[in-house]
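Chemist: With our numbering, the residue at position 19 of the sequence shown is 19, and numbering never jumps.
Rather than coming from a laboratory, the hints here were simulated on the basis of the structure.
Please read these numbers as outputs of a predicted model, since none were measured by experiment.
A virtual CB, placed ideally from N, CA and C, is assigned to each residue, including glycine.
Please note: incorrect hints may appear among the correct ones.
As the list claims (entries may be wrong) - Derived pair list, reagent style DSBU-like, types lysine-lysine, alpha-carbon separation capped at 35 Å: (1) 51 to 167; (2) 51 to 63; (3) 63 to 170; (4) 167 to 70; (5) 70 to 170; (6) 51 to 18; (7) 138 to 167; (8) 51 to 138; (9) 138 to 70; (10) 138 to 18; (11) 51 to 70; (12) 63 to 18; (13) 70 to 18; (14) 138 to 170; (15) 138 to 63.
What the hints assert, rightly or not - Listed next, with one range per pair, are the computed distances between beta-carbon atoms: (16) 61 to 171: 50 to 58 Å; (17) 81 to 60: 15 to 23 Å; (18) 50 to 145: 26 to 34 Å.
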Amino acid sequence: FDNLQEGEAYIRSIEREKIVLIVSGGYGREIVPRIHDLIQVNCIYVYCYDKARHEEWSTDFSKIRSIITKRRQLIDEITEDQKIRNLTEDTVPMSILNRTAVAKETTAKDISKEMGSILWFQLLIDVLLRMTHTNDAKTELIQTWRENYMGNSSELRIIEEFESQFKRDKAVWWYTR
């Protein structure tokens, strides 16, 4: 956007997506303070000619990933950060300790038990992520679903969508859908 107000209005209008914002140094100094705390703003890259000039003001904003002067570096950083986001986007949130249990002075034995459950869950996720998956397994799963949901048109539509659009990196999304 060439107009800051239009750009800000557009960013504020987005509700269900995450924004990776690339902004020039001059515009960044003006717009970043106004949009930084918006939930839809995932991260910000300042692309400019004078890195030193913009480093001082940018340190106040945690969503600024970096100040970049070279186009290739900008592309490389965004690509690497996106790979990380893709890996973490589908992770299952979990807390290490239950807050009420801590407030009740949980014993070390109880904490160890809870930590064991967490470790087991993380190992399960790791095994599932490392498993090799074949198209035969996917085909067999889809066939089983079709048999189980025969006559249920809404479920069969979802199965068709799954069959045509499933990607391994979105498995958790499909599971929780």
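Chemist: Keeping to a limit of 35 Å between CA atoms, is the pair of residue 138 and residue 63 held or broken?
Modeler: Judged against 35 Å, a Cα distance of about 39 Å means the pair is violated.
Chemist: Does residue 138 sit within 35 Å of residue 51, going by the straight-line distance between their CA atoms?
Modeler: Violated, at roughly 50 Å.
Chemist: Checking one constraint from the list: CA of residue 167 to CA of residue 70, max 35 Å. Satisfied?
Modeler: Within the cut-off at roughly 33 Å; holds.
Chemist: So if I understand the rule, the pair passes when the alpha-carbon distance is 35 Å or less; does residue 138 with residue 167 pass?
Modeler: Holds. Residue 138 to residue 167 sits at ~11 Å (cutoff 35 Å).
Chemist: Residue 61 and residue 171, beta-carbon distance inside 50 to 58 Å?
Modeler: violated, 34 Å
Chemist: Against the 35 Å threshold, does the CA-CA distance of residue 51 and residue 167 hold or violate the hint?
Modeler: violated, 39 Å
Chemist: Is residue 70 within 35 Å of residue 170, Cα to Cα?
Modeler: OK: residue 70 and residue 170 at ~32 Å, within 35 Å.
Chemist: Is residue 51 close enough to residue 63, meaning Cα to Cα at most 35 Å?
Modeler: With Cα atoms ~17 Å apart, residue 51 and residue 63 stay inside 35 Å; holds.
Chemist: Next pair to validate is residue 63 with residue 18; report whether the Cα-Cα distance is within 35 Å.
Modeler: Roughly 12 Å separates the two Cα atoms, so the pair holds.
Chemist: Need the status of pair residue 51, residue 70: alpha-carbon distance at most 35 Å?
Modeler: Measuring from Cα to Cα gives roughly 10 Å; hence the hint holds.
Chemist: Within 35 Å, alpha carbon to alpha carbon, are residue 70 and residue 18?
Modeler: holds, 24 Å
Chemist: Evaluate the given range 26 to 34 Å for the C-beta pair formed by residue 50 and residue 145.
Modeler: violated, 57 Å
Comparing the model with each earlier hint shows violations of hints 1, 8, 9, 15, 16 and 18; every other hint is respected.
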